[in-house]
Amino acid sequence: MSSPTDLPKDAESRLAELGHGFFTSDLSVNEFLLVKETGFHPLGFVMGSSIYHTGIQGRRWSKSQELSKLTEAMYNARELAMTRMEEEADELGADGIVGVRLDVNYYEWGSDAAEFIALGTAVKAEDGKSYRNKQGKPFTSDLSGQDFWTIMQTGYVPQGLVMGTCVYHIAHRGLGQTLGSVGQNIELPNFTQALYEARELAMTRMQDEGNTLGATGIVGVRLEEKSHQWGSHTIEFLAIGTAVTKSAGDVTLPRPTVIISLDN
Amino acid sequence: MTGPGDLPEAATRRLESGSFSSGLTVPDFGACLQMGLRPVGLVQGFCAMQWSWYGAGSPYMRGTSPYGTSDGGQGAYSQSWRCPHGLVSAEHRAWGQNYEQTWVESAWLQGFGSAYGRLIEEAKEVGAHGIIGVTDTSHNLADMNVTEFHMLGTAVVVEDAPAPPGGDPWSTYLAGQRLAKLIEAGFMPISVIAGIASVRVWAYCMTEYLMEGRVGTYGWGGATSTQEIEQVSEGHLAARALAREHVRRQLGSDMLHGVSITTAEREVGSGDQVLECTLRGTRVRRFKGFDPMPTPRPTVRLS
Numbered sequence: 021m022s023s024p025t026d027l028p029k030d031a032e033s034r035l036a037e038l039g040h041g042f043f044t045s046d047l048s049v050n051e052f053l054l055v056k057e058t059g060f061h062p063l064g065f066v067m068g069s070s071i072y073h074t075g076i077q078g079r080r081w082s083k084s085q086e087l088s089k090l091t092e093a094m095y096n097a098r099e100l101a102m103t104r105m106e107e108e109a110d111e112l113g114a115d116g117i118v119g120v121r122l123d124v125n126y127y128e129w130g131s132d133a134a135e136f137i138a139l140g141t142a143v144k145a146e147d148g149k150s151y152r153n154k155q156g157k158p159f160t161s162d163l164s165g166q167d168f169w170t171i172m173q174t175g176y177v178p179q180g181l182v183m184g185t186c187v188y189h190i191a192h193r194g195l196g197q198t199l200g201s202v203g204q205n206i207e208l209p210n211f212t213q214a215l216y217e218a219r220e221l222a223m224t225r226m227q228d229e230g231n232t233l234g235a236t237g238i239v240g241v242r243l244e245e246k247s248h249q250w251g252s253h254t255i256e257f258l259a260i261g262t263a264v265t266k267s268a269g270d271v272t273l274p275r276p277t278v279i280i281s282l283d284n
Numbered sequence: 174m175t176g177p178g179d180l181p182e183a184a185t186r187r188l189e190s191g192s193f194s195s196g197l198t199v200p201d202f203g204a205c206l207q208m209g210l211r212p213v214g215l216v217q218g219f220c221a222m223q224w225s226w227y228g229a230g231s232p233y234m235r236g237t238s239p240y241g242t243s244d245g246g247q248g249a250y251s252q253s254w255r256c257p258h259g260l261v262s263a264e265h266r267a268w269g270q271n272y273e274q275t276w277v278e279s280a281w282l283q284g285f286g287s288a289y290g291r292l293i294e295e296a297k298e299v300g301a302h303g304i305i306g307v308t309d310t311s312h313n314l315a316d317m318n319v320t321e322f323h324m325l326g327t328a329v330v331v332e333d334a335p336a337p338p339g340g341d342p343w344s345t346y347l348a349g350q351r352l353a354k355l356i357e358a359g360f361m362p363i364s365v366i367a368g369i370a371s372v373r374v375w376a377y378c379m380t381e382y383l384m385e386g387r388v389g390t391y392g393w394g395g396a397t398s399t400q401e402i403e404q405v406s407e408g409h410l411a412a413r414a415l416a417r418e419h420v421r422r423q424l425g426s427d428m429l430h431g432v433s434i435t436t437a438e439r440e441v442g443s444g445d446q447v448l449e450c451t452l453r454g455t456r457v458r459r460f461k462g463f464d465p466m467p468t469p470r471p472t473v474r475l476s
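Sequence order for the protein chains is X and F.
By our numbering, the letter at position 178 of the first sequence is numbered 198, and the numbering carries on one by one without gaps.
By our numbering, the letter at position 66 of the second sequence is numbered 239, and the numbering carries on one by one without gaps.
Okay, chain X solo, but in the shape it has when bound:
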């Protein structure tokens, strides 16, 4: 499997069957209607997967530091999954992918191996205009159908799901250090600095991706912290959000109506 034509044979035959107006999607009925309302038509359910051996990296017991090899591995694995999903969408001639989910699964059969999987619904504009991003690829976004409708009304167009990650090792405290401050409630500047730095690095990397896409900004940023299978002192900080650009369109989001629900 090497890019760009690294999709399995089955994928190609599945995608070839789509088209002729037949489509698959994981959109709910409401989402489907709203995506249609926005002027897009779903083409097919697309995915990309990558099984990655994340390995281990030596860490100093008493030092807080970024584990750059792990960061790179986590990043590449997601990137591969995303790229394959984009290729599937490309096969369908899509303008973009909505409702993207990016998951990490661990299986019993492979220790240190993780499956990174990206799923979403490929869509195409009905007005014939191209909504592909600056790099000529279909846009990706983790927005739901409802969010997709709303963002288009604000005059912003999604460009891509952008992410930044940083795997960080948090130092263990030595006995001396612990004893030296027993019974005190004090700030630990080293820890503050280390975790602060880790989060900022993740966010910076996400923003760099956004800038590469020429985005005006990123909405719906989530900051996730997971230890995966590394033990509690090694944490992955993942920042993820949808990069958007301001299109020529004005804000057409109507003023919301005040309602009172008569349901319970």
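Everything labelled a hint here was simulated from the structure, so no lab data went into it.
From the three backbone atoms N, C-alpha and C, an ideal C-beta is built for every residue, glycine too.
Check before you lean on any hint, since a few could be wrong.
Stated by the list, open to error - Here are the computed lysine to aspartate or glutamate pairs in the DMTMM-like style, where the Cα-Cα straight-line distance is at most 20 Å:
hint: 1; chain 1: X; residue 1: K266; chain 2: F; residue 2: D333
hint: 2; chain 1: X; residue 1: K56; chain 2: X; residue 2: D46
hint: 3; chain 1: X; residue 1: K246; chain 2: F; residue 2: D309
hint: 4; chain 1: X; residue 1: K246; chain 2: X; residue 2: E99
hint: 5; chain 1: X; residue 1: K29; chain 2: X; residue 2: D110
hint: 6; chain 1: X; residue 1: K154; chain 2: X; residue 2: E86
hint: 7; chain 1: X; residue 1: K266; chain 2: F; residue 2: D309
To be verified - Pair ranges (Cβ atoms, derived):
hint: 8; chain 1: X; residue 1: D132; chain 2: F; residue 2: S253; range: 55 to 65 Å
hint: 9; chain 1: F; residue 1: G425; chain 2: X; residue 2: I206; range: 27 to 37 Å
hint: 10; chain 1: F; residue 1: G386; chain 2: X; residue 2: D132; range: 41 to 51 Å
To be verified - Some chain F residues close to chain X (C-beta under 8 Å, calculated; not the full set):
hint: 11; residue: P200
hint: 12; residue: G203
hint: 13; residue: Q270
hint: 14; residue: V405
hint: 15; residue: F463
hint: 16; residue: P467
hint: 17; residue: R470
Here the structure of chain X is known, so what remains is to put chain F in place on it, guided by the hints.
Below, chain F alone, put in the same frame as chain X:
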């Protein structure tokens, strides 16, 4: 890391880049644009604090008078209970006491305050008028005695408004339509406010037996009677009252909106507890009269 100018280098680099980032959901983002607010950046503040509980679970701390601690940590609240049994025994807890742990409160305030200060600093860095959709969390780090305080929010500028004056940007836990409704009602957010009260419950014999479900074992207090554990009730009442008082002191003449109050109980010995009451909300100030809302339209959902 104290005082201003203590942001990590990566923060400065991130905030200098041209594009914005926001932690707002799309509906909140839409509402934000409608209100004339433009998001300029995701901002955060962080503080790691060493945390320890005085005499937690330690039998040696029992009976130590808190009046004797070097912290001078006696707060506004303390209350004692005496054994009704007239027993004299080393194992029988002849007296119990509740008191406010001011040193825990001030440590918490320091952690929260530093994180908040850094959040504000990041917002200033991007020239924001305010911060919306603030979240604050604190949790234990990697099973050490370290508590981390983390605050996150979206910095915004008011469209077509002059550059913010020198003061701190305003901040609020609200975002989206909830913030729009607040402003429509004539209130401006001033800042997020949180207060904590920490009350230590040293159980006396009755509390210990009731908490352990041992009433009746010694023939005291009736075999299976359901009754109030007065010392614990009083502790909870005091913790809530203190938390309210701490927040009220920060309010000045302003009002508090969208308050949440939570109490965490931590068992530190048989019958002994630490009660931690946290109160948070947005400090608001009236800036215009109340605009009547449009008449709501009644709806019924068919799904």
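Now the hints, each set against the structure:
{"no.": "1", "hint": "K266(X) to D333(F)", "result": "18 Å, holds"}
{"no.": "2", "hint": "K56(X) to D46(X)", "result": "14 Å, holds"}
{"no.": "3", "hint": "K246(X) to D309(F)", "result": "18 Å, holds"}
{"no.": "4", "hint": "K246(X) to E99(X)", "result": "18 Å, holds"}
{"no.": "5", "hint": "K29(X) to D110(X)", "result": "15 Å, holds"}
{"no.": "6", "hint": "K154(X) to E86(X)", "result": "32 Å, violated"}
{"no.": "7", "hint": "K266(X) to D309(F)", "result": "30 Å, violated"}
{"no.": "8", "hint": "D132(X) to S253(F): 55 to 65 Å", "result": "58 Å, holds"}
{"no.": "9", "hint": "G425(F) to I206(X): 27 to 37 Å", "result": "30 Å, holds"}
{"no.": "10", "hint": "G386(F) to D132(X): 41 to 51 Å", "result": "47 Å, holds"}
{"no.": "11", "hint": "P200", "result": "6 Å, holds"}
{"no.": "12", "hint": "G203", "result": "5 Å, holds"}
{"no.": "13", "hint": "Q270", "result": "20 Å, violated"}
{"no.": "14", "hint": "V405", "result": "24 Å, violated"}
{"no.": "15", "hint": "F463", "result": "15 Å, violated"}
{"no.": "16", "hint": "P467", "result": "5 Å, holds"}
{"no.": "17", "hint": "R470", "result": "5 Å, holds"}
Hint compliance for this structure: hints 6, 7, 13, 14 and 15 are not met, and every other hint is.
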